[in-house]
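Residue 48 in numbering that gives the first Met the number 0 sits at position 49 of the sequence shown, and the numbers go up by one each step.
No wet-lab data here; the hints were simulated from the structure.
Virtual Cβ for every residue (Gly too), placed ideally from N, Cα, C.
Misleading hints may appear alongside valid ones.
Quick list of simulated restraints, FRET-style, between CB atoms [to be verified]:
(1) 13 to 133: 30 to 40 Å
(2) 134 to 3: 28 to 38 Å
(3) 134 to 17: 39 to 49 Å
(4) 131 to 2: 30 to 40 Å
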Amino acid sequence: MVPLLITMDLETARDHNIEEQNAILKTINSDFCKLNLPLTIFLTSDSLDRFNEGIQKLNTPTNEFGIHGFDHSINENYSLLGEEEIRKNIEHVFNNIRNRLNRIPETFRGPYMSTSSLTQKVLIEKISDLIFQYVRREWIL
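Generate the whole structure from the sequences, applying the supplied hints.
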């Protein structure tokens, strides 16, 4: 079998009908379930707030969720942002995904495919912190 990786960037398209966007999410969920295909969904924090019901239906063990930024604005270009703004954005979206979906994001794709060495540094620090927390918790238990 040939491995298949399908990804979707989910941000709020403010120039489109929100109800139509919700309907598309329902169709995607139905189609992918019928085909038994996994999906990687890159979420902006505002899309998680706006489309929470549809995203909850995609929250299955076979699907992955990734960070796609705060709101996908033109100013959210990770190749141009400073370290503190990167850290603040990633932390905010990370916590939103963890709190709403009861899981941690598995991946990252910046808006407009943007990234930087500072972005990678912040992500590595976040992963290291998660590993440390897990090991510490297991060791204490």
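Now for the hints, and whether the structure bears them out:
1. 13 to 133: 30 to 40 Å: Hint holds: Cβ distance 38 Å, inside 30 to 40 Å.
2. 134 to 3: 28 to 38 Å: 33 Å, holds
3. 134 to 17: 39 to 49 Å: Roughly 42 Å apart at Cβ, these two residues keep to the hinted range, so it holds.
4. 131 to 2: 30 to 40 Å: 31 Å, holds
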